[in-house]
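Enquirer: The whole structure should be built from the sequences, with the hints applied where relevant.
Each protein sequence line maps, in turn, to chains E and L.
For the first sequence, the numbering used here assigns the number 801 to the initial residue and increments by one for each residue that follows.
For the second sequence, the numbering used here assigns the number 188 to the initial residue and increments by one for each residue that follows.
The set of hints was computed from the structure by calculation and includes no laboratory data.
Take these hints with a grain of salt, some might be off.
Here are the simulated lysine to any residue pairs, SDA-like style, with alpha carbons at most 20 Å apart [what the hints assert, rightly or not]: (1) E:Lys854 / L:Ser335; (2) L:Lys365 / L:Ile344; (3) L:Lys365 / L:Leu411; (4) E:Lys854 / L:Gly594; (5) E:Lys854 / E:Ser837; (6) E:Lys854 / L:Ser525.
A few chain L positions that, by computed beta-carbon distances, are all more than 12 Å from chain E [said to hold, decoys possible]: (7) Thr343; (8) Ile344; (9) Asp458; (10) Thr462; (11) Asn539; (12) Pro542.
Each residue gets a CB set at the ideal place from its N, CA and C atoms; glycine is no exception.
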Amino acid sequence: MSSRKTRFASFVVVLALALVALEGCVVVPRYARGVVSDPAMASSDGLLTRSIRKLRNSREGAAGGDGVAAGGGCGCGN
Amino acid sequence: MSRWSHRSRVVASLALLGAGVSSITLGVSSLVTGQSIEETPPPNGVLSIDAFAQPDGNPLPDPDLRIDRFGARLSVFHQTGRGYQSQAEIDASGRGSEFVFIANPVIYTHITHREGITHDVYLPIDILTSASTDALDAVSTASRDNESFTLDVTTTIPDGNDTRYFLRWGAHVEEELKAGNGGLGISLDLADDNAQLILGVDAIVDIFDPVQYNGTDLGLTERLTLSANGTLSQLLSETTTLAVSVGLTGQIGHIQTPWNSVPLTDGTVRDGGRTADLFPPSRLRAAASARLAQAVPDSRTYLQAAYRLYLDDYGVVAHSAEGTVTQYLTDDFWLRGSYRFHSQGAPYFWANELPRSSALRMYRTADSDLAALDLHEVSASFRYFYDRQGQPSDRSGYVELGYTYYGRSNSLEIHMGTLGFQTAFW
Numbered sequence: 801m802s803s804r805k806t807r808f809a810s811f812v813v814v815l816a817l818a819l820v821a822l823e824g825c826v827v828v829p830r831y832a833r834g835v836v837s838d839p840a841m842a843s844s845d846g847l848l849t850r851s852i853r854k855l856r857n858s859r860e861g862a863a864g865g866d867g868v869a870a871g872g873g874c875g876c877g878n
Numbered sequence: 188m189s190r191w192s193h194r195s196r197v198v199a200s201l202a203l204l205g206a207g208v209s210s211i212t213l214g215v216s217s218l219v220t221g222q223s224i225e226e227t228p229p230p231n232g233v234l235s236i237d238a239f240a241q242p243d244g245n246p247l248p249d250p251d252l253r254i255d256r257f258g259a260r261l262s263v264f265h266q267t268g269r270g271y272q273s274q275a276e277i278d279a280s281g282r283g284s285e286f287v288f289i290a291n292p293v294i295y296t297h298i299t300h301r302e303g304i305t306h307d308v309y310l311p312i313d314i315l316t317s318a319s320t321d322a323l324d325a326v327s328t329a330s331r332d333n334e335s336f337t338l339d340v341t342t343t344i345p346d347g348n349d350t351r352y353f354l355r356w357g358a359h360v361e362e363e364l365k366a367g368n369g370g371l372g373i374s375l376d377l378a379d380d381n382a383q384l385i386l387g388v389d390a391i392v393d394i395f396d397p398v399q400y401n402g403t404d405l406g407l408t409e410r411l412t413l414s415a416n417g418t419l420s421q422l423l424s425e426t427t428t429l430a431v432s433v434g435l436t437g438q439i440g441h442i443q444t445p446w447n448s449v450p451l452t453d454g455t456v457r458d459g460g461r462t463a464d465l466f467p468p469s470r471l472r473a474a475a476s477a478r479l480a481q482a483v484p485d486s487r488t489y490l491q492a493a494y495r496l497y498l499d500d501y502g503v504v505a506h507s508a509e510g511t512v513t514q515y516l517t518d519d520f521w522l523r524g525s526y527r528f529h530s531q532g533a534p535y536f537w538a539n540e541l542p543r544s545s546a547l548r549m550y551r552t553a554d555s556d557l558a559a560l561d562l563h564e565v566s567a568s569f570r571y572f573y574d575r576q577g578q579p580s581d582r583s584g585y586v587e588l589g590y591t592y593y594g595r596s597n598s599l600e601i602h603m604g605t606l607g608f609q610t611a612f613w
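Expert: Right, dumping it as structure tokens:
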């Protein structure tokens, strides 16, 4: 199998696993969501996330591709 | 161009930052002139302008525009390393210095309209001092000293209880480069708010002067970046969440870093010459990521694990894995630690040197950021919630101190320190 096909297959597998994981979801009532609304559960954290993202996007050739600007702004060409 | 000393520029930016904080604070104070917050408890623990009455007894009207939250963060980056693309202080191995120091203050504010329209506004400033490439500095200081200013705004427009539209817009200015960006997005709450789907598209236009490694000025050129992104977040239980994202980014135009170059050889040894980087005129990138978050309420511990896969048509494949542990030590204080491992391959045209006879006929780069590498990133931070009004939330006031170590297998190391705070007015 060519490397291109291998990469595409990897991509599809990740997506499939993610979709399978979503299958077993339960409905959590609003009154029971106190724990998951804690900021420690958040995937991003405003200002801190920006600092970390800046570090990664300007120093890794594999940045971007996830809807976040890459190659814009810093002129670093990544 | 007038040259401030590096230290004076840092001091000046901090002064501006402080002035910004003062003016915001004064502006909010003027809204409640003549009223004492302590004397008039806000309803439901939330400060509201309606809590304050006019002399005739009627409540004050809601302002058309109000500042809900304000935050600021200062991050400093100290980077050392060696790369073949750099001409600064070249060592015996042929690699130049990658030293750079960056001070990056950022101001953030969350503003709400009467109709529920909100604006998240970020104003980052970069003040950069780096190793100099002598030829480039004959016509530009962009590689040695640089300042950049960015405006980044996300406007959110609610449409009913479950739908929100996003408008993203902004601009970026630095020496030799100007950029503008715009984007649209939609957020849908699904399954009784147990899931959220976010879709968005963005465009960035960069216009810049690609001054070459030897000082040659090619005149203005441009680069266009288009991105499409989707994220699905789902509650899996009362203590577990999962978020899955996929994205695609396409770029066309002048993609390579203008002042980077590749050492040349006469076929066997380096002859002292160099040639500018040359990339294919387009690049297509794709990434998929998943993040699982788990709370342990009994110990007030929060765990996150994430994985990201990246592919592009330059032949780069990358894998990233990250874990984060957040532990509340008291109701007001948390300690957070995280570790990330990243491994990436190089583009098919990466080389640390090229023979002079064939170099000009091929795409090429020696940029260490694009080399095949592994890296380790370790972070620790402390956060103190000084104004949480019950359970901590994204509206809580806090101060935070953090440190990050970033080390790559090709010698680059970064130490990043950060100090930030947020305060809420509403």
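Enquirer: Just pull the numbers of the violated hints for me, sorted ascending.
Expert: Checked against the structure, the hints that fail are numbers 2, 5, while the rest are satisfied.
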